[in-house]
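**Student:** When you line the sequence shown up against mature numbering (1 follows the signal peptide of the UniProt record, and there is no 0), it's residues -22 to -1, 1 to 1071, in that order.
Straight-line alpha carbon distances no greater than 30 Å define the calculated BS3-like cross-link-like pairs of lysine-lysine that follow:
1) Lys83 / Lys59
2) Lys931 / Lys1039
3) Lys83 / Lys72
4) Lys254 / Lys83
5) Lys442 / Lys417
6) Lys751 / Lys381
7) Lys222 / Lys838
8) Lys809 / Lys1068
9) Lys442 / Lys420
10) Lys83 / Lys243
11) Lys258 / Lys188
12) Lys750 / Lys381
13) Lys83 / Lys174
14) Lys258 / Lys186
15) Lys254 / Lys264
16) Lys264 / Lys72
17) Lys750 / Lys420
18) Lys59 / Lys254
19) Lys751 / Lys602
20) Lys442 / Lys809
21) Lys500 / Lys1068
22) Lys222 / Lys186
23) Lys1068 / Lys955
Because the hints were derived from the structure by calculation, they are not lab data.
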Amino acid sequence: MRLWSSQLGLAVFAAAVMVVSGQENSLEDLDFSIYQNDLLPHPFHSSAKQSPAPWYLENIGGGDKDCPPCFNCMLPAFECKHFANCSEYDGKCKCPPGFGGDECKQPLCGALSDGRERDPRQGDHCECPEGWEGINCNAIMIQYVQWIKFVIPWSQLVVMALVIEVALRYSKTTKCAMLQVCNVIELHRKILETLKDQIPQVTFSCNKNKEDCDFQFWVDEIESFYCHLDECTFDQEYGYDSNKTNYACQTIDCRCMPGEMLCGKDGSIDLTDLLKDEIKGPATFKCTDGDCAFSEPAMDDLISAVFGDDSIFLSCSSGECLHYTFVPGFERPERPTNWTAFVAGLAGVTGFLILTGLGVWYFAKGNESSGYFKLDDDEAGKLMHEHIPATLIFNNISYEVNKLRILNGVTGIVHPGQVMAIMGASGAGKTSLLDILAKRTKSGTVGGEIYVNGHAIPNSQYKKVIGYVDQEDTMIPTLTVYETVLYSALLRLPRTMSTAAKRFRVMETLQELGIDSIKDSKIGSSGSRSISGGERRRVAIACELVTSPSILFLDEPTSGLDAYNAYNVVESLVTLARDYNRTVIFTIHQPRSNIVALFDHLLLLAKGHTIFSGQQMRVQSYFKSIGYDCPPGFNIADYLVDLTMHVSMPDQNEAQQDVGSSSSVEHSNRPIARRRGSLREEQEAALYTPHAPAGQTSGAVDTMENPNAEWASELGSRQTRLRNERLLKNFQASNVEAIAETGETRSNVSINSGTDKDTISPHLAQLIDGYKKSVVAVAVQDDIERALSHASVDDEDPAVPMAPNNIKVVSSHERPRWFTQFRILADRTFKNLYRNPMLMFAHYTIAVVLALLCGGLFYKVENTIAGFQNRMGLFFFFEALLGFMCLTSLQVFSNERILFVRERANGYYSPITYFLSKVLFDIIPLRVVPPLMIGLISYHMIGLVDGTTELLKFLLVLILFNLTAAALCLAIGVVFKDLSMANLLSSMVMLFSMLFAGLLLNKDSMSPYFAWLKYLSFFQYALEALLVNELIYLQLVEERFGLSIDVPGATILSTFGFNAKNYWPDVIKLSIMFASFIAFAFAWLQLFVKERR
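All chains, please: the whole structure from these sequences, using the hints.
**Tutor:** Have a look at this one:
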């Protein structure tokens, strides 16, 4: 009575206001609403004014029957939409979730969990709270559910009063009351065209206890019609990774929303009568993995007739609020074994191994074509095209290391078409001089001038026109002789030459050196020899000779060769110099006499000093003129080298003083057996002591002009020895007098400004000064001055081709471009790989065997806490396996370090092209393929999370981790020359990185002083990415004390210090570390790995 009294009082108050204000309108013109308050829990509105007035308004205002009535669903004039129940106690509609208003036709906004606090929609769209979606905000979003689970500690899940069930997306049968929001898929082109780009949607809800469902169809979030379904049954087919849900209802009752789309709006089709009279059921709603279809016979006929489709096809998301006690009742089906994927992965790996083996066999079977080529004259003459002959001048060359003088004042000149031989005893400085003339990088201080055609040219241009052959050859053992020389030709011959011309030049060079018969033999190594040492030497020479450089330097080219082959090598060098107008300089140690006859110039060194430099034909007469006559039958080269050794001995003066003394005479009277040990001393004294020419009894040795008396050649007999002793005795007075005269000032004084390796002996000082004052030295100096003056005159004349501002001093043809270099080096590296495939097959075998072993040990890992431990241990083992397999990257560069240094010094290629070719053929076969094998074989055996995307992400992390570990080892191998040291350091770095991976040491428990070290561990980034990829959506189950506890995988990850959102950041960090290690390795190779002699 109090309620109605209050309402009546309000009405009377409103009428009174109208009368006082002078309005003539009746109550029916008054539009008023009474909203929800403490007295009126349900609002009512003036919209009921078209209906007959209720009994309590009959007497108001004199019984005016036009007074607007209040809503009362008990009256015939009012109807509850959506088939809502009408309360007989207050005449109000009991609206379903998501709808409100008097008639339950107005969508509500706000979260479904807000209950009665939700507000009616204002406008045409609801702004749903975070975590909710749908037209009337009834559907919970998956991301919101997972977010809730992340922030709730797993130990508190069992005491929550309400949880949000995760079975939202993809089909799920209801446990109590489920709500779905669906979109009409694009298959319905006709429906979409009819709606003129307006968006059709469906909301669907079911109540399992009441066995009924409700269906609403919306266009641009405006409801068109709705249906109520009764006598419903619910069925679901569970699968491990997908579900099928079936809703079948026997009866259906539908109604239109008057004046809305499909119900008469703006001339659209009107389904009002059809929906009310024809749609009776039965109806089904079927879903498979989120793809749903609503079907009812009469509705299907309508859709088929009007739109040409069979049913209404939908894409749906669903959600349901449950008490936590309902969740453990669901038992997930047993994990299936994906044998199809496992067999496919194993078959793919097996097929790859078979194809790889066949490919290795096929490529290793054949060698590079080494046939003969027929070329025209233009191609055959490419080497002489634009060639500029080079005259090499070196003046006053000195070299000092740590204040130790190695060379002092060495001077000489070699013209095009000539050959210069540098001779001397071991330690005389021959190789040091040759390195300096070739402008190799030296560790000491170099002095003097080097000119080409009278000009000092830059080192970069100089190295393009010279060739250098080291004393120790370094070649790839798996290549053939022809291929070794061919790669040198392809990398260094002019870019304008055709490949056929380069091949022709290779065969021509092999014939010149007499090694064309072994062209298809492999170089071999110390453990598996293929060609002899002398043949290897000639191959090394061929690699330089093939380019026909303007100036060719060779260090001991005949080392290791017999006399015949040594002659052939020197003869080919002489032929190159004379026929191609090249300049050839080499060191040689005691050549045969017929080889000496081929020399044009001879430079003889003793302890870094020049004792002869000039034409070879004048060497014998010169030494004869100063008292050192080579006896008949002696090899002049042997004689001169031995001479430099003996005159350099510090006790030479004492030995000479003993000759002819009383002690020596007494020694001659001793028995032959006792005098046998002195035979060598007597012979050396007779041969290497300076003698005055015949008729001369005094004077310095270096001023003698007439030859000595003839020496006997039979020194082995006793008579010859006695005659030699007597003859030496006759010269003793003059010789000792001269030696003493010079020895007082020179015996203990160094000729150099620095410190000599040994004190200069008097005879050596005599030879040095004798050469400086000789006609031969003057002739060499005059030749040098003429060449320099000629170049200076040419510089002043702009028309002269030698002028440096007009035409190049020497020829420097263009070498191949970077891409061509890379292609050639990649081909060479690939040959080396497949001809020595044991390392590659070892990687593949280990990967396959351990993948199968791990698949068996961790077969069908469970979704439990123990299963989490197994997953973590498995991933850590994979990382450790791949990490230590990457130690083989140390030999990628270390095995060819010397080869690279020499080829770089000789200008074969740019370091970037060599580096890329080596890295490419290490990364693809050894660092990408093994992780793929491990992943494809073991992934489905172990039963890791199913899905192609997850598998690809798993393989991506394994590959990136392997690349990072390999790049680190490669960088260490580049920095350290010693392979043992590099191996030790790499192992320590691996162990350090493993320590901070997160398995052995919890990252969150580390001291802040050391916590930063974890950011240096690439093991950590890979392990975290693998665990996140596996556990982010996984629900773990733990049985404790008879209770089954669901634990989100993300919660376990956070317990171990891992971040569930870090998959892609970890992938990016691994990529950055890989790129950084590669860049560091190349920078070190470019800046520091250079030749230093």
